[in-house]
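Listed here are the chains, written in short residue letters.
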Amino acid sequence: MEPVPSREIADMKGPAALPRKNGELVFDEAWQGRIFGMTVAMSHEACFEWREFQAQLIAEIAHAEREGESTTYYERWLHAFERLLADKGLIDVGALADRTRDFESGRRDDVF
Amino acid sequence: MSGTHDDHEHGHQHGHHHREPESALSLRVRALESLLVEKKLVASEAVDRIVSAYEEDIGPHNGAKVVARAWVDPAYRQRLIADGTAAIEELGFGGVDLQVVENTPGVHNLVVCTLCSCYPHALIGLPPVWYKSFEYRSRAVREPRVVLREFGVDLPQSTEIRIWDSSAELRYLVLPERPAGTERLSEAELAKLVTRDAMIGVALVQPPAAAAR
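Residue numbers (the working numbering), protein chains in the order written: chain E, 1 to 112; chain Y, 113 to 325.
Don't take each hint at face value.
Quick list of in silico lysine-lysine cross-link-like pairs, DSBU-like style, CA-CA up to 35 Å [stated by the list, open to error]: (1) Y:K244 <-> E:K13; (2) E:K88 <-> Y:K244; (3) E:K88 <-> Y:K151; (4) E:K13 <-> Y:K152; (5) E:K88 <-> Y:K177.
Keep in mind that the hints were calculated from the coordinates and are not lab data.
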């Protein structure tokens, strides 16, 4: 069954609002869709409440703007997501760094 | 809905060999997905389905607001029927030349685009896959009554069915009939009853009890 988009997510307002073009969600690169989908999937599985992620995202955006960072919306989203996962104890920051190196070096090429 | 529009790439690059060096961010996201999948916190197929569902969505809520306003405000309904483009601009929606066609007890309207998939995106989101199918595009004109029945809309023989063929210049939106028993609902509550399919004309708006089922 197709998941039904949540209005709480799809219609976020203010700085957290999802980037759209002609009303359509815009994922400039595939990884942006993946990170979006993972975040939504985990909120469906009740790993966290959507508003918790949204608060983290808003904080991340505010921080990036204060610092004058030129990061994109979904980079900020990624940072917010990683921080939330770490805060919840759902992911180990060291393990993520190791895994990222595995992908960078080509030791791993598949997510499975 | 990969493959239905070609201008951007969708999701999923697993096990894919990249010709160009993959960006650091992309690698980081794959590493993250790989960890979350391993911990069974995320299933890659669920992520795929979510991404496509949201890519198709802007939801019919803009169109639904237009319909609900027309139901509660007869003067707005008149303006909407007379000049759809101007009337939706009143509510802050635009960018489309729109004609609104009104369902009445004796007339049912059905929208199709026989040439391609013209559709009032700004009001009801991206078209569903079937709207773009050759089957719908041809059969909606040839045998609308049968097509409607397949969608679960069984109209009396006495009801006239009008087909509206969208084009790049002019898009159509069906103003469905307000269901009985909704007299006490607010405009916002009414808007929640209005579905995309009802605004294409392949569904009727159901009263709240039926909609909740």
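Hints and how they fare:
Straight-line distance between C-alpha atoms of K244 (chain Y) and K13 (chain E) comes to about 31 Å, which keeps the hinted pair within the 35 Å bound. Only pairs whose Cα atoms come within 35 Å are accepted, and K88 (chain E) paired with K244 (chain Y) is rejected, the gap being roughly 44 Å. For the given pair, K88 (chain E) sits about 14 Å from K151 (chain Y) by alpha-carbon distance, which is consistent with the 35 Å threshold. At most 35 Å may separate the alpha-carbon atoms for a hinted pair to count; K13 (chain E) and K152 (chain Y) meet this at roughly 31 Å.
Between K88 (chain E) and K177 (chain Y) the CA atoms are separated by roughly 39 Å; this puts the pair beyond 35 Å, and the hint is violated.
When held up to the earlier numbered hints, the structure conflicts with 2, 5 and fits the remainder.
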